[in-house]
Amino acid sequence: MAEITMPKLSDTMTEGTLVSWKKKAGDKVSSGDVIAEVETDKATMEMESFEDGVLAEIYIQEGQKVAVGEKIARVQGKGEAAAPAASGSDKAADKQPVPTAEKAAAQAGTNVAPATASGAQAFEAPAASPATSGDAPAGRRVKASPLARKTAASQSVNLSGLTGTGPGGRIIQRDVLGAAPSSGGQAATSPTLTAAAAAAPTPKPSTPAPVPPAPAKKPGLPQKETRVALSGMRKTIADRLLQSKTTIPHFYLHIEVDAEPMAKLRAEVNAAGEKEGIKISVNDFILKAVTKALTLVPKVNASFAGDSVVEFSSVNLAVAVAVDDGLITPVVRNAESKSLTEISLEVKDLAARARSKKLKPDEYQGGTFTVSNLGAYGIDRFDAIINPPQAAILSVGGIIKKPVVNKAGEIVAGQRIDLGLSCDHRVVDGALGAQYLAELRRLLEWPLLLLM
Amino acid sequence: MNYDLIVIGGGPAGYVGAIRAAQLGKKVAVIERDRAGGTCLNWGCIPTKSLLRNAELYHTLSHRAAEFGFKFDNLSFDWSKIIGRSRGVSDKMAKGIEFLFKKNKIDYLRGEGTFKDAKTVVVKAADGKEETHTAGAVFIATGTATRALPDLPFNGSTVIGARHAMTLEKQPKRMAIMGAGAIGVEFAYFYNAFGTQVTLIEMLPRILPVEDEEISATLQKSFTKSGIKVLTGTKVEKTEVLPDGVRITAKDEKGATQTVEADVLLVAIGVTPVLPGGLEFKRDARGYLQTDDSYQTNVPGVYAGGDIIGPPWLAHVASWEAIQCIEGLFHGKKPRKVTVFPGCTYCQPQVASVGLTERAAKDKGIRYKVGKFPFLASGKAQAVGEGDGFVKILFGEEHGEVLGAHIVGPEATELIAEMGLAITLEATHEEIEATIHAHPTLAEAIHEATGAAFGQAIHI
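Same order as they appear, the protein sequences are chains A and B. The opening residue of the first sequence carries number 522 in our numbering; numbering runs sequentially from there. The opening residue of the second sequence carries number 178 in our numbering; numbering runs sequentially from there.
One or more hints might be untrue.
Which residues of chain A face chain B? A partial, calculated answer using Cβ under 8 Å [claimed, not checked]: (1) Gly-574; (2) Val-575; (3) Lys-671; (4) Thr-672.
In case anyone wonders, no lab produced these hints; they're calculated from the structure. For clarity, every value in this text was computed on a predicted model and none was experimentally measured. C-beta: ideal position from N, C-alpha, C; glycine also.
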């Protein structure tokens, strides 16, 4: 007999939400069978059984949050007599199921980056905001009264974001009415541009999903507050970015790069490759350049480890992608071995799956350097917060047409792009950061180098 | 002695609050001038239910013996034993409360409590001895007393209140009852069952005026059929105390005057607050203590709950309030105030309700659906020979949540609990329909009434 416990599916995971059971009590299970879906602070993952037998008892209802290590079900081996759950621990640790892809030992726990979107990807509007019915997507259940569910469904309020005030923290109708958009309160689920917090000036909220217009405040009307419970992702963003900004000595460098050669080459490449469906974005060029520059200045591709600095041999490039209610940084592994096209296709795929919350842990863990691009949101330049335990993050603004002085000393129209590098001073000193940015500039201003 | 909490009054608010505080590890004293258990246990809920049980039995044997196949040559009753059984039940229950005090290490102080200041209470025992105690907090649960007519004081023989009505030594031949709330209605049933000629006078247009109109009408029909003279919409103009009874002059809505003569007039027009002395409190227009969201009076550190803070004057509400207050005080919970509570009347047929009446739903502009099921169509009700009455449930039209439930009929007061739970949990018709109700039970009527509201009842 084996007690199945909530597995730790990522290094930051402290609790998981049991989204749905794929097996019922009494069902036969074989090792490898998917028995449940679990939502962590990052993604929704399938959980496999490591046992052969019968799912004897389910302790945790769908929609419940459970701490890592807490018992969630019991599998009874073949031939074992039915017995009530024994309290006390069985050897749960070595028998607990693991998520399908949780094999990669994250070389560095990379999670959420303080940035929003990755260039072109970000421009594609993320999938429409999740099911507006009472139940969250995928039939996930939250603790709510039947009336609250029906009211939520009719008022297009997502229950998963609400805090219940009913018996035992249950969501009751009053909580739903308080959150309904028509009440003038903020819609509980309205996605926000989390990078606003990370980036220096507050960018205008150009979130792709519609934001309810702020109600015109009439004098004398009482202020209405809507409390939105933190999602797992929001909590991670809050925890990690606070930790980063308060414990890592940040400093910031900026360069302005001539974007004309890159823009020209991009147009040529896309025109020439149209038949093959090649469509490279500005961001793809930057990602490729960032990677190449990291191989040239490997000391930036590093991490502070208390009594030492760890330099990584390969570039695991994390790319910030805005998703509903937050952001996530999927990782292009061994980017130094990948071509511009390969990087482009991989990032597109990762971004799409990030938005549908289908990333596996090893697809967003282990990054060594992060790129955050707010150019598509109309941001000229900004500073990003380092995604720990990485040593630096690149913040990319939009391409701007502006007067520049050419080599002949004349003022002409030019296209410029601002690149910011936020550095962990414990790893990257000013001169090293400058050296890295100089390489980056060289590669972007002679972009043919990126195709070689 | 210094206590964490002194409770003044040992009724359903006081004793329950005291026990919960003791359970939370507090040092508690309860001051009671009469008997532990308060009105409920000694002069209300419990002794009257005992009397009503006698009435039910006797009514069945005297009126329905043939139907059940019984024959009696000399069926009779012993009035003093009927009253005696009721008192015995109360005595037993009151002792039970005293035992609970002991078990929870609560000091039970017999006497009258008076405030010296907000944290000091003087207890004056029946023999005149005084003790002074202090406390971190004081909870007032002094309740109410029966209200008399302004110009017609109780005399214990011809003009009486509920307390006397449950201890009359001799059964009156004719009784007039003023006020057709739960108390008036229950005594009307009781005395009528034993053969007293009962006239029930109500100023408002129907008996049990707080209940749903259909319920009132059904009960009134049943009362009239059983021989009770029911005068609704009738205002008492004049009362005269005669040597061996009372004469009441009353006027109905049309202005017609009539005279009712009776051996005894039971005045059941309501209650009046009973306050401890020594401090002045902020009170509402009717004299009840005003409390804030944490049940605190305007005097810091002095709390109050139960009948003394106003209607509904119900034991179960009082106990609930006391627990809310005490847990807020000592357990850091946010106290809640009463919103939904069941109301029960224990005559036959019984009446019970929770939530909105149809009139209240209309007044609030709530769109609703009604589901009704008569006990006539219930197998269990037929089997036990109690086919009168019905279940009526109001559901929100849009979402199908239970807005209110009204039952008149057998065991209505037991059946209502399910509806209270449904409202607390915000259940809708679907959850009730999805719940298998045992067969044969009276509770099936709730299931069927729910189905009826949405056109899915099987047996009607």
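Report holds or violated for the interface hint on Val-575 of chain A, using the least CB-CB distance to chain B and a cut-off of 8 Å.
-> 26 Å, violated
Can we keep the Gly-574 of chain A interface hint, with Cβ of chain B closer than 8 Å?
-> 31 Å, violated
Restraint satisfaction for Thr-672 of chain A [CB to CB of chain B, less than 8 Å] = It holds, given that the least Cβ distance between Thr-672 of chain A and chain B is near 6 Å, below 8 Å.
Taking 8 Å as the limit, does the beta-carbon of Lys-671 of chain A come near enough to a beta-carbon in chain B?
-> 4 Å, holds
The structure shown violates the earlier hints numbered 1 and 2.
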